[in-house]
Amino acid sequence: MSSRRPYPAWAPWLFLAPFLLFFTAFGAWPLVRSFMLAFEQTFGPRTTVYVGALNFRFLLHDPLFWAAVRNTAVFTAGTLVVQVPVALALALLLNRPDLRGRAAFRLIFFSPTIVGSIFVGVIFSLLLEKRSGLVNTLLHAAFHSWNPDFPWVDGFVMPSLLMASLWLSVGFNMSYLLAALQNVPADQLDAAAIDGANAWQRFRHVTLPAIQPVVGILILLTAVGALQLFDLPFILYADSFGNGPNNAALSIVTYLYQTGFRSGDLGYASAIGWILTIVLVLIALGYRWLTREEDAAS
Amino acid sequence: MKSFFAGIVRTLSPGISLVLGLGIISAIVVALLPLQPRGGIEIWLGDGNHANLYRALAPEWNRRHPDLPLTVTLISGPALQSRMLSGFYSGTPLPDLIEVERGQIGQVFAGPLQDVGFTDLTGLLARDGLTHEIDPASYSPWTSRGRIFGLPRGAHPVMLAYRSDLVEAAGIDVKQIETWDDYFRLMRPLLQDLDGDGYIDRYPLTISLTNASFSEIFLIQGGGGYFDAMGNPLLNSATNARIVARLATWYAGPGRVIGDINMYTGAGLRLLREGYAVAIPSADWYVGNLPVSLPSLAGKIKLMPLPAWERGGRRTSANGGTMIGVTKASKHQEVAWELAKFLYLSPVIARQLYDLTHIVSPVKSTWSASYYDRPEPYFCGQPVGRLLQQAIPDIPPRPSSPYLSSAVQLVNSAITQLMAITDRQGYVRPEQAAADARRLLDEAQHTLLDQIHRNVFQQAPATP
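Protein chains in written order, with my numbering: chain A, 5 to 302; chain B, 3 to 466.
One thing to keep in mind: the hints can contain errors.
Unchecked claim - Derived, one-sided and incomplete: chain A residues facing chain B with beta-carbon distance under 10 angstroms: (1) Asn99; (2) Pro101; (3) Asn151; (4) Asn247.
Hints listed in this document are in silico derivations from the structure and should not be mistaken for laboratory results.
Ideal Cβ positions, reconstructed from N, Cα and C, are used throughout, including at glycine.
Same shape as in the complex, but just chain B:
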């Protein structure tokens, strides 16, 4: 044995022997290192702004709970989702609380209700009198099979951010706009070929077709959507078909009135700055992003309510969102719940978050705060916070489902196909596209139902 190892050492060069030796020693040292026990109470989140706010509150929390100091861990979105799901699926270490975005939550609800990795908060909310203290529509994305698993961070009403300089120069009075029909009729003069090359250089409205959530903004505003409150898919509802037909004739065919730019890219923002689009549907967080991304448009942008689908109809929608949930893995369930309330119900944080991001709190007691009335020079002196807050009670619910991303893809595919048909057939009026819209949405519904029925963990979709 001794001669064997001596043989190995003789065979290997001194350098290789050194590297090998160091490798073996390092491996032993790493294996023997004791695991750092996690102390206190920990929260994972993916938003840097939120992380900074919570860290600033840590001293206050730590004073109240010296035995359970707060640790805020910022993790990039995809990594956060992977680590969260690994924890839920396989029992790898998890924090006490996790802040999750809407696009990340569907998968959490895919299995049996009792296997959802977040604690069911429905009873705690009722116990603490919070069920009605928060805007009810804001709970909907974080609800599965009637159980609430998270506190909502923001309300996320959608308004129309428009280039007031262009609109006012054209002599258009936005107060006369109530419906989308009014909007496109009055804004028609701004559908312009500015350089005479035969192509439109300015559209009255833009929203990116490639963005997964574009259809939801319109569908839920018009009373449609992907699922009902019980999780039954509604892709082929008459309301959806009507809206999809209109979207297709807005986006395609000889009557096209909408531009398609990705407003989340540098190129898209440049086009907005150059006036390619007059208006863009904007959730509260996007409104907060405008002064940062497009400072040169200061004093040239205003907000107005979304035009309704019909007279007297809903003038807002919802987009995006974040929740905080207590993980079942937390050993301090009550304290974690207390921390969730501390971070999400605090009027101080609500104000700081508004100042930083324009996200409007769904907590009703904060709605009367005076900072919402502050005129904002970037938005031509409008009290942006108040406009956003006033839209909250009208926000439509957005029921959650593990099949949300599938539903979104199927509906967006139907719209893309309908646009191609609209281009081919030269449809101008939505009625011309209605039959094709219904057929394509029927196919989408059929595909989604097949997927849902295959899932043995989900109970059959309930009857409302």
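Looking at chain A on its own, in the form it has when it is part of the complex:
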């Protein structure tokens, strides 16, 4: 048996080269450069001054950064509390074989995901407009005492963002859960029913454990997505560049964008980016730690 390889020794490197090239140019190097930038003050990439940990120290006392952290945390918590249960409820509903028009409903619920966040942001800014928006117009028509100038967007920033986000993403999450629900072993559900388990007990003790891995990954994806909130407030509060009234819509990524690309302070923006990265990594590690037993079992 010949030990001669059927390809030249450099062949694997040739195949890896495109990836390595692109990853180095657009992944690794920017990562290294942004880490270096976090310790510099910049006026564009050419004029930089090393400032040590000044950017990180300033972050600790920057009220706008903490406002952004608070808003992002509230949005993330709100998204998790609202979105995953609603997506699960919709998936359970659409998983019922006796429901007529299931395919149509799936398409309807999934369609906002297809049109994208910019479109959803524009639609919601029109829907929630004072006086002329559809929501206020309908509510005023239905209940004469409803204030036609009700300030949905200005006075209820987080609920408005959560509503828009729910409409945008619930169909996507629902499709994951629907796929998981369709893989729940029917024989186990049947056996539980024969043993006298009611609908809630079947859901609690059969369905939920079976879809738990998908729910877990969905929670992780939703949290990571929510922490990167940017486009919805940027569209809904376009006049204030995504800040909203009293900075109530300012998210960490919006603040990063404003600092880096509106103020030109790439160093400070990099420091914000690294803080966000550390938070995301911690969340991912936390998720891995929480699901370690499950991983070991599988």
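Given chain A, work out where chain B should sit, using these hints.
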């Protein structure tokens, strides 16, 4: 080696091989294409009206400068800003001249003075006797640390555009209005619940709270503002606190008299048409926009000077603006400066721009032009141009700063918070909100100073 490539071709399907081959060939061809050398003199701008005017003048310019023909490149606002800053920061290709809006200029001034990407025009303006030929307040947005970096396109005085049909039907004589207090007292009958549902359907005035520049119009009119001429922040000045307290009691609480609609959206324009608001502060460019956006209001709108904050006070303000600057990257500095003057000082363009947009030139020699006296049927026969022009000498300066957008956001946040307090506490009189206004503006000032002091490129704010 040969067998290796033959192996790859054998492994891949004919279709994939074809796509791969085409991709490789295309990449090689693109890489070998020679870069088109930029000839002549080029200007980037973001306004279609301006672009059309300048293109129409290109033949005349080209006749004078056959070796440096004019290229006008229209780029959308955000793309223009990105490309401009990329050029300033990283040396990517830039034109000889760029027309920039006020909201885009702050970032240009953020670094050391010598790194500003526009040529310092202060000496050229003095050399050519232009320093005093142009309304001095119009230079202020384009000035950083005492140096002027652009020629202003318009003066942008702000007047009050009001629904004359509604005001006159109510028997209100606007000539009796001198101050904001007069205004709201006389216009009180027009604060109306038209359908009896308990909610106000018509306000004497509207200005959008969500619009970033709303507070500036009032602050600078009243003698306040965000920065002094040397770039020192003034957010917590006594004047600002007084104005902010009044704005909060106008916008919120039991004495609310101002509507809040975004006049730049279709929905906002519809509400204006339906009479939700009686009046709206309007800069010259917004005045020019009214006949286009709201043609059905022809003969129902008039202009009047802004009511003053106190008797004998300033009756105008300023809003928006565009400048032209020569980039340091230009290889034809003198010719670019000549082109800037050709486009911005030309009485022909000043007239065309007025006809198209109602933007009034800040160049003093154009102010006596007869077209400003033309009665305009849309505005009930008023000589709108003359009214706007007469307001120019009273326009307050708007000092620029890299921290302008931060300052605007901080002040607007303070106003929003004060409105919430006003609603909660039921404040009606500005004096009731004054202490809270001062406290919130102190916080805003403190935050802004922290940001400024962190910037190692900016010298410490100078003492005036």
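How the hints compare with the structure:
With a cut of 10 angstroms, the hint placing A/Asn99 at the interface with chain B is violated, because the nearest CB-to-CB distance is about 40 angstroms. With 10 angstroms as the threshold, the beta carbon of A/Pro101 stays out of range of chain B, its nearest partner Cβ sitting at about 41 angstroms, so the hint is violated. Satisfaction of the interface hint for A/Asn151 is found here, the shortest Cβ-Cβ separation to chain B being roughly 6 angstroms, below the 10 angstroms cut-off. Interface hint at A/Asn247: satisfied, since its Cβ lies 6 angstroms from the closest Cβ of chain B, which is below the 10 angstroms cut-off.
Of the numbered hints given earlier, the model fails hints 1 and 2; all others are met.
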